[in-house]
Amino acid sequence: MEGKGLEEYLKSINKSEEQLREELHPLATKRVTRSLVLGRVTEEEKVEVGEPEIDAEIENMLKSATRDKGKLQEFLNTPGSRDSIRQILMTRKTVQQLVEIAKGSKVNKKVKKKEAQQ
1 MEGKGLEEYL
11 KSINKSEEQL
21 REELHPLATK
31 RVTRSLVLGR
41 VTEEEKVEVG
51 EPEIDAEIEN
61 MLKSATRDKG
71 KLQEFLNTPG
81 SRDSIRQILM
91 TRKTVQQLVE
101 IAKGSKVNKK
111 VKKKEAQQ
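Numbering (the UniProt record's numbering), first residue to last: 1 to 118.
These are calculated hints, taken from the structure and not from any lab test.
A hint or two may mislead.
What the hints assert, rightly or not - If you anchor each label on the Cβ, the simulated ranges turn out as follows:
(1) Gln97 <-> Glu17: 12 to 22 Å
(2) Ile88 <-> Glu23: 37 to 47 Å
(3) Leu36 <-> Lys69: 35 to 45 Å
(4) Ile88 <-> Lys30: 17 to 27 Å
(5) Leu62 <-> Leu20: 13 to 23 Å
We put the beta carbon where it would ideally sit given N, CA and C, even for glycine.
Make the full structure from the sequences, and use the hints.
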């Protein structure tokens, strides 16, 4: 689709804008719902990402870069990029916590902690 306008793209896939919207609506709804649920779990579980974690993620990204590491590092350290990386890491941590909850390991730890306090 690069370099094409919407009308050219629609012609190439032989669909109207309305048909494309109808086709994409269920996927968009699913993504928004997933995002809202993850956001809520992130809040409830008090998931946080510190600056050292962002720095480590940037270092990992730079390790896989093959050229222009300086420019990439400069870009990744802009406030907008750091915020994006923070969101990615928060999502990753939230999903990991959901997996732990699904396995029962996190729930068991919380129950044991409450029992020990009583």
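Hints and how they fare:
Checked against the hint of 12 to 22 Å, the C-beta distance between Gln97 and Glu17 comes to roughly 40 Å, which is inconsistent with it. Hint check: Ile88 to Glu23, Cβ distance near 28 Å, so the stated range 37 to 47 Å is violated. Judged by the Cβ atoms, the range 35 to 45 Å given for Leu36 and Lys69 holds: they are separated by roughly 36 Å. Separation of Ile88 from Lys30 is about 19 Å and conforms to the stated range, judged on CB atoms against 17 to 27 Å.
A C-beta distance of roughly 38 Å is found between Leu62 and Leu20, which places it outside the suggested range of 13 to 23 Å.
In this structure, the earlier hints numbered 1, 2, 5 are contradicted, and the remaining ones agree with it.
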